[in-house]
Amino acid sequence: MSKIVVITSGKGGVGKTTTSAAFAAGLAKRGFKTAVVDFDVGLRNLDLIMGCERRVVYDFVNVINGDANLNQAMIKDKRLEGLHILPASQTRDKDALTQEGVENVLDELRETFDYIICDSPAGIERGAMLAAYYCDEAIVVTNPEVSSVRDSDRMLGLLASKTRRAEQGSEPIREHLLLTRYSPQRVQKGEMLSVDDVRDILAIELLGVIPESQAVLQASNAGIPVVLEENTDAGQAYDDAVARFLGEEREHRFLVEKRGILGRLFGG
Amino acid sequence: MSFLSYFRSQRRNSASVAKERLQIIVARERAQRDGPDYLPALREEILEVIRKYVPVDKDAVRMEVDSEGDCEVLELNVTLPDRGVSEQAAGRSS
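Chains as they are written, first to last, in our numbering: chain D, 1 to 268; chain F, 1001 to 1094.
What you were told as hints is all true, and nothing was included just to trick you.
Take a look, some chain D residues computed to stay more than 10 Å from chain F by CB distance:
no., residue
1, Leu-48
2, Asn-69
3, Gly-101
4, Leu-246
Below are the EDC-like pairs computed for lysine to aspartate or glutamate, each with C-alpha atoms no more than 16 Å apart in a straight line:
no., chain 1, residue 1, chain 2, residue 2
5, F, Lys-1019, D, Glu-191
6, F, Lys-1058, F, Glu-1045
7, F, Lys-1019, D, Asp-200
So, partial list: chain D residues that the calculated Cβ filter (under 8 Å) puts toward chain F:
no., residue
8, Val-146
9, Val-149
10, Arg-150
11, Asp-153
12, Arg-154
13, Gly-157
14, Gly-190
15, Glu-191
16, Met-192
17, Leu-193
18, Ser-194
19, Asp-197
20, Ile-201
Simulated from the structure, these hints should not be mistaken for laboratory data.
For every residue, glycine included, the Cβ atom is placed at its ideal position computed from N, Cα and C.
Assemble the whole structure, with the sequences as input and the hints as a guide.
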C-alpha cells in the first residue's frame, strides 16, 4: 500500500524543501521505493537541494499536459536505489497544475512507489492546496516563532477540511509536527518558544525536532539531502524523525545544549 | 542555574509572551473557523442593536459556539461600560 505524504507549513522559509529531501532520502535509504514531487510551480528548488538540477529535462507540468510521460520526467537519484525526483515546472502560469492532472500523476506514482512525498509551496494558494489534497499523512514543518506557529495552525485547519479524505469523510489524515531551526540555547534563555510550548498550542503528535545547524546550509550548498550527512546533528535528527515516522520508538535528542563547565557557570 | 541568571531574570522572558499571544490568537481563529459561517454577520448585527441603547466598544461583544453532545450552544458575552459613562452618554443623546 503506497502512501502520499505532504510536507507543508503555510509559512515560507521554514524548511519544507530541506525536509522533503531529507525524508525522501531517509525512506529510500531504508529500502522503500520513494518519489519526491516538487509542487512549487514557478519556483523550482527541490532539484537544487537534491543535487540533480542539471539533469532536469521534463517536469511535472509537462507530464500533466502529456508532453512527456512520467518515466521521462522522473530523475533517478544517483546515490540511493529507488529514489526518484519529479521536478516542478518553471512556468509562470498559475493554473498549470490541474486537480485532475495531479490526481492522474499521483495515481500512476502509487503503482510503483511505496512513498510519495509532496513538497508543498508556501502559502495557501492552489499549489499548496493541491499538494495536500490527496495526502494520507501530513508533516507540518514549524519554526519556534509566532508567525510560523500561527500559520501551521491555520494549515492544520485546512488539512482537516479541504483534503480529499476530509471531503469524502474517510479516515482523517495523520498529522505530524516537525519543529525545525530549534536552538536549545535560546530556549534556555527564554528567548525562543520551547518544543513543549509549540506542542501545547498545536496539539499534534511530535515527529521530531531539528536543531538549528550549520550542516543544513552546507548540505544544501552541496546538493546533498542533509539526512545523508550522518555525522551531523541535523542529519541524525532527521534520521530519527524518519524512524519515528515508520513507527520506531526513538528518544528525542538535541533538545538541550551540551556545554562545558565554564558554559554552565556563566551561561544563562 | 548560574549566578548570572539572577541579573538576567529581571526582564520578562519573550518566549512566554510569545506563547501567551499565540494561545489567544490561535484560540480565536479556531473558534472562527470551526464556527458557523453566519457568526461574524450575526455578531455585527447584535453589536448594532446593543449600540442603540448602550454605547459599547467594538470588542465588547464576544461570541462563541460550543458543542455539547448533540447540542450547540451560542454563548454571548457583552461587556457594558461603567455605569457613570453609560448614563452620561444616554443623557447626552436624549
